[in-house]
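Novice: On the provided structure of chain V, position chain A as indicated by the hints.
Spelled out from the first residue to the last, the chains are:
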Amino acid sequence: DQQVKQNSPSLSVQEGRISILNCDYTNSMFDYFLWYKKYPAEGPTFLISISSIKDKNEDGRFTVFLNKSAKHLSLHIVPSQPGDSAVYFCAASALGSGGGADGLTFGKGTHLIIQP
Amino acid sequence: EPEVTQTPSHQVTQMGQEVILRCVPISNHLYFYWYRQILGQKVEFLVSFYNNEISEKSEIFDDQFSVERPDGSNFTLKIRSTKLEDSAMYFCASSEEGLALSGANVLTFGAGSRLTVL
Numbered sequence: 004d005q006q007v008k009q010n011s012p013s014l015s016v017q018e019g020r021i022s023i024l025n026c027d028y029t030n031s032m033f034d035y036f037l038w039y040k041k042y043p044a045e046g047p048t049f050l051i052s053i054s055s056i057k058d059k060n061e062d063g064r065f066t067v068f069l070n071k072s073a074k075h076l077s078l079h080i081v082p083s084q085p086g087d088s089a090v091y092f093c094a095a096s097a098l099g100s101g102g103g104a105d106g107l108t109f110g111k112g113t114h115l116i117i118q119p
Numbered sequence: 468e469p470e471v472t473q474t475p476s477h478q479v480t481q482m483g484q485e486v487i488l489r490c491v492p493i494s495n496h497l498y499f500y501w502y503r504q505i506l507g508q509k510v511e512f513l514v515s516f517y518n519n520e521i522s523e524k525s526e527i528f529d530d531q532f533s534v535e536r537p538d539g540s541n542f543t544l545k546i547r548s549t550k551l552e553d554s555a556m557y558f559c560a561s562s563e564e565g566l567a568l569s570g571a572n573v574l575t576f577g578a579g580s581r582l583t584v585l
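Protein sequences appear in the order of chains V and A. Each residue of the first sequence is one higher than the one before, counting from 4 in our numbering. Each residue of the second sequence is one higher than the one before, counting from 468 in our numbering.
Keep in mind that the hints are not guaranteed to be accurate.
[As the list claims (entries may be wrong)] Each computed BS3-like pair below joins lysine-lysine, with the alpha-carbon atoms no more than 30 Å apart: (1) V:Lys74 / A:Lys509; (2) A:Lys524 / V:Lys71; (3) V:Lys8 / A:Lys524; (4) V:Lys8 / V:Lys59; (5) A:Lys545 / V:Lys111; (6) V:Lys111 / A:Lys524; (7) V:Lys111 / V:Lys59; (8) V:Lys111 / V:Lys8; (9) A:Lys524 / V:Lys74; (10) A:Lys509 / A:Lys524; (11) V:Lys8 / A:Lys509; (12) V:Lys111 / A:Lys550; (13) A:Lys509 / V:Lys59; (14) V:Lys71 / V:Lys59; (15) A:Lys509 / V:Lys111; (16) A:Lys550 / V:Lys8; (17) V:Lys71 / A:Lys509.
[As the list claims (entries may be wrong)] Some but not every residue of chain V turned toward chain A, in silico, with C-beta under 8 Å: (18) Thr48; (19) Phe49; (20) Leu107.
[What the hints assert, rightly or not] Which stretches of chain V does chain A cover? Using the computed rule of at least three CB atoms under 8 Å from a CB of chain A, they are: (21) 40-47; (22) 108-117.
Worth flagging that the hints you see were computed from the coordinates, not collected in a lab. By construction, the Cβ of each residue, glycine as well, lies at the ideal position given by its N, Cα and C atoms.
Pulled out of the complex, with its shape left as it was, chain V reads as follows (with noise of 0.2 Å):
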């Protein structure tokens, strides 16, 4: 049951344009989703979150928009650098919900190569 999907694996992006990275939920309960990113050999490290109450969240280049009646959101990177390309996840979690609410519940992640 894949509560979070990100449908593309991967995305190629030429340096300086926009990167836009999708997600899909399906579980209602969920109200705050963050964006992970990973290099190899490394773990999951924080890029940017966002409330339920909020449509969109910012933060230098990068910034998360959630449209909650479709239950998508993504992560837009302009402009898109070399060091961007990494594995980015999305990520949600149920406040109070019980069942796993201290879990992240993850996507399987979609690897962004940044091209010169």
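Specialist: Okay, now just chain A, sitting in the frame of chain V:
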């Protein structure tokens, strides 16, 4: 910058053997987690730990698994009798607050311990 450290970075073991993976969480963090990632698959929640007891666990975390905080700094994951399907990267994470308290909480992950069961 504070970090979560994990040892060993890679362990190879025979099926049926016991394995202990070790983690040193960030010192002022109160909540500890283990996640795993089977090659090519998503990162999966195993267990969370707070105040010296398990807070939440997933279906994956069966009787073969146990966690312990034997002293003030280490947090361990033990697999009693490893199976081939336990081969994965195991990530330890810690946070200041539990996710159940604040969805805004951010987990800091270690670099992972790769377990290979032969």
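Novice: Look at each hint and say if it fits the structure.
Specialist: Comparing the hints with the structure gives:
1. Pair hint Lys74 (chain V) plus Lys509 (chain A) holds up; C-alpha atoms about 19 Å apart against a cutoff of 30 Å.
2. Distance restraint check for Lys524 (chain A) and Lys71 (chain V): the Cα-Cα separation of roughly 27 Å lies within the 30 Å cut-off, and the hinted pair is therefore satisfied.
3. For a cut-off of 30 Å, the pair hint linking Lys8 (chain V) to Lys524 (chain A) stands: about 22 Å separates their Cα positions.
4. Proximity of Lys8 (chain V) to Lys59 (chain V) is assessed by CA-CA distance (about 20 Å); at most 30 Å being required, the pair is judged to hold.
5. Distance hint between Lys545 (chain A) and Lys111 (chain V) is fulfilled; the C-alpha atoms sit about 25 Å from each other, no more than 30 Å.
6. Taken as a hint, the Lys111 (chain V) and Lys524 (chain A) pair is honoured in the structure, with Cα atoms around 20 Å apart against an allowance of 30 Å.
7. Note on Lys111 (chain V) and Lys59 (chain V): the hinted pairing holds, with a Cα-Cα distance of about 23 Å set against a maximum of 30 Å.
8. For a cut-off of 30 Å, the pair hint linking Lys111 (chain V) to Lys8 (chain V) stands: about 7 Å separates their Cα positions.
9. Between Lys524 (chain A) and Lys74 (chain V) the alpha-carbon distance is near 26 Å, which keeps this suggested pair within the 30 Å criterion.
10. At roughly 17 Å between alpha-carbon atoms, Lys509 (chain A) and Lys524 (chain A) fall within 30 Å of each other, so this suggested pair holds.
11. Distance hint between Lys8 (chain V) and Lys509 (chain A) is fulfilled; the C-alpha atoms sit about 10 Å from each other, no more than 30 Å.
12. Restraint check for Lys111 (chain V) and Lys550 (chain A): satisfied, since their Cα atoms lie roughly 23 Å apart, inside the 30 Å limit.
13. The straight-line distance between the Cα atoms of Lys509 (chain A) and Lys59 (chain V) is roughly 25 Å, inside the 30 Å bound, and the hint therefore holds.
14. This hinted pair checks out: Lys71 (chain V) and Lys59 (chain V) have alpha carbons roughly 11 Å apart, not beyond 30 Å.
15. Proximity of Lys509 (chain A) to Lys111 (chain V) is assessed by CA-CA distance (about 4 Å); at most 30 Å being required, the pair is judged to hold.
16. Taking the CA atoms of Lys550 (chain A) and Lys8 (chain V), the gap is near 28 Å; set against the 30 Å cutoff, the hint holds.
17. As the CA atoms of Lys71 (chain V) and Lys509 (chain A) are separated by approximately 23 Å, the hinted pair is consistent with the 30 Å bound.
18. The beta carbon of Thr48 (chain V) is positioned within 8 Å of a beta carbon in chain A (closest approach about 7 Å), and the interface hint is therefore held.
19. Hint status for Phe49 (chain V) relative to chain A: holds, with the closest Cβ pair at about 5 Å, below 8 Å.
20. Look at Leu107 (chain V): its Cβ gets to within about 6 Å of chain A, closer than 8 Å, so that hint holds up.
21. Residue count for the segment 40-47 of chain V with a Cβ under 8 Å from a Cβ of chain A: 4. That meets the three needed, and the coverage hint holds.
22. Given a C-beta distance limit of less than 8 Å, the hint that chain A covers the segment 108-117 of chain V holds, as 5 residues qualify and 3 suffice.
Checked against the numbered hints above, the structure violates none of them.
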